[in-house]
Amino acid sequence: MTETPDPQHSGATPEHQHEPTRDLGPIWETEPQGQPAYAAPPPRRRRGAGLAAAVLATSVLAGGAAGVGGAAAWQEWGPEPTSATTTSSGTASASPVLDAAPAPAATDGSVQAAAEAVLPSVVKINVAGSGGSGSGSGVILTEDGQILTNHHVVEVAKEGGTITVDFADGSHARAEILGLDPLTDTAVIQAQDVSGLTPASIGSSSALAVGQDVVAIGSPFGLDATVTSGIVSALDRPVDVGTDSEGNATVYPAVQTDAAINPGNSGGPLVDLAGRVVGINSSIRTTGSSSPFGQTSEGGSIGLGFAIPIDEIMPIVEQMAAGEAPTHARLGISVSDVGVDVGSGGSGSGPGSSSTEGALVVDGAQVRTVGAGSTAGEAGLEEGDIITGIDDRAITSADSLVATIRSYRPGDEVTVTFERDGEEQTTTLVLDSDADQS
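Using our numbering, the first residue of the sequence shown is number 1, and each one after it goes up by one.
To be clear, the hints were calculated from the coordinates, so they are not data collected in a lab.
Any given hint might turn out to be false.
Claimed, not checked - Taking lysine to aspartate or glutamate pairs in the DMTMM-like style, the calculated list, with each CA pair at most 25 Å apart, reads:
| no. | residue 1 | residue 2 |
| --- | --- | --- |
| 1 | LYS158 | GLU318 |
| 2 | LYS158 | ASP193 |
| 3 | LYS158 | ASP434 |
| 4 | LYS158 | ASP144 |
| 5 | LYS158 | GLU176 |
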């Protein structure tokens with residue numbers, strides 16, 4: 001049984017690192033039913049007219065396919081050749097050679113200091129496989145080469161493809177996949193025959209505040225070690241990039257930033273001014289229109305980038321690094337936005353109906369089905385209930401509920417606020433794990 005957000009809330013469309021020719025357009029723009037959101041198998045689909053996604057496990061996709069042409073253009077952007085100067089008498093003389101001024105020392109708490117701290121821990125990841133090739137970014141976790149990146153950056157290489165890593169010192173290494181989790185769009189890879197690397201400092205996304213300065217580092221359009229800066233422009237933004245073939249939603253409570261994030265930044269870090277990783281850059285919104293695969297609609301930063309909060313994924317990253325299967329929290333219900341017609345069972349009166357007559361709220365997640373033996377069912381939730389809060393966090397939509405549940409771990413206790421027959425009620429429950437699914 002899956003918990004599913006409303007199919008009318010389409011979300012962040014991933015721009016895939018390994019598929020340079022694909023730009024899936026603006027996030028939150030619905031693609032036709034059945035249109036996959038992944039290039040490599042298993043196919044991922046945009047949500048259609050029915051119950052489409054699950055509050056089982058987090059997934060996040062995004063931040064972009066970097067084409068190899070980006071680096072090739074560097075020659076045109078390089079310094080111009082030195083030219084002769086003309087003296088007042090009209091004769092040409094060589095330009096004087098001046099000693100270069102030393103770079104200013106970084107001030108603690110500056111963008112420069114943050115960049116200096118984290119640049120040695122950021123890598124460019126090059127992938128190739130039967131589904132295409134491209135590049136993305138990654139963050140060094142251990143001295144011996146464990147690297148965190150996005151699932152969509154390396155998924156093309158999971159079936160016999162190749163992964164190479166470019167380090168900040170100019171060295172290179174082959175890498176293999178240690179673990180993949182499409183439901184959080186995270187992956188851990190292992191660089192081969194390396195040692196003495198500089199692991200990134202991991203911060204806390206829960207300590208972030210709107211308006212706080214942040215820095216993004218990665219390889220946009222293949223240009224490695226690129227630093228951009230901005231602020232946290234929103235927190236807990238539900239970003240929905242569709243569902244997989246089993247109906248599991250790819251929704252996460254994003255850190256939104258106006259730091260420039262472009263195709264190729266995926267898998268790279270978003271850091272605070274102390275150089276601590278607070279998120280993994282994963283998706284962007286562009287002004288391009290969504291288009292079928294094979295039709296390119298190139299887009300870039302318009303100041304709307306989204307990072308997976310580091311607090312939400314580190315437990316899963318640790319599972320993958322240890323060779324374990326990732327687990328995710330779940331309620332065991334399917335939901336939609338309030339009043340949305342979900343097809344057969346979504347009209348008329350009674351359980352599963354789209355009618356909200358007498359309801360006090362129109363914001364929330366309406367329960368459509370309750371799984372047998374689920375924690376939600378045991379806590380007394382019923383079809384037709386409208387969930388409006390989880391602990392102290394307001395639930396405004398199906399996507400909001402999915403993203404919020406994804407921020408918890410199996411076994412966490414939560415208080416659910418819901419409305420039934422015009423009355424507000426609460427219940428406390430312990431979240432299930434998708435590891436218990438048969």
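Evaluated hints:
As the CA atoms of LYS158 and GLU318 are separated by approximately 20 Å, the hinted pair is consistent with the 25 Å bound. Annotation: proposed proximity of LYS158 to ASP193 holds, straight-line Cα distance about 20 Å (limit 25 Å). For the hint linking LYS158 to ASP434, the alpha-carbon distance of about 23 Å falls within 25 Å, and the restraint holds. With a CA separation close to 21 Å, the supplied pair LYS158 and ASP144 stays within the 25 Å bound.
The hinted pair formed by LYS158 and GLU176 meets the criterion: a straight-line CA distance of about 9 Å does not exceed 25 Å.
The structure agrees with every numbered hint stated previously.
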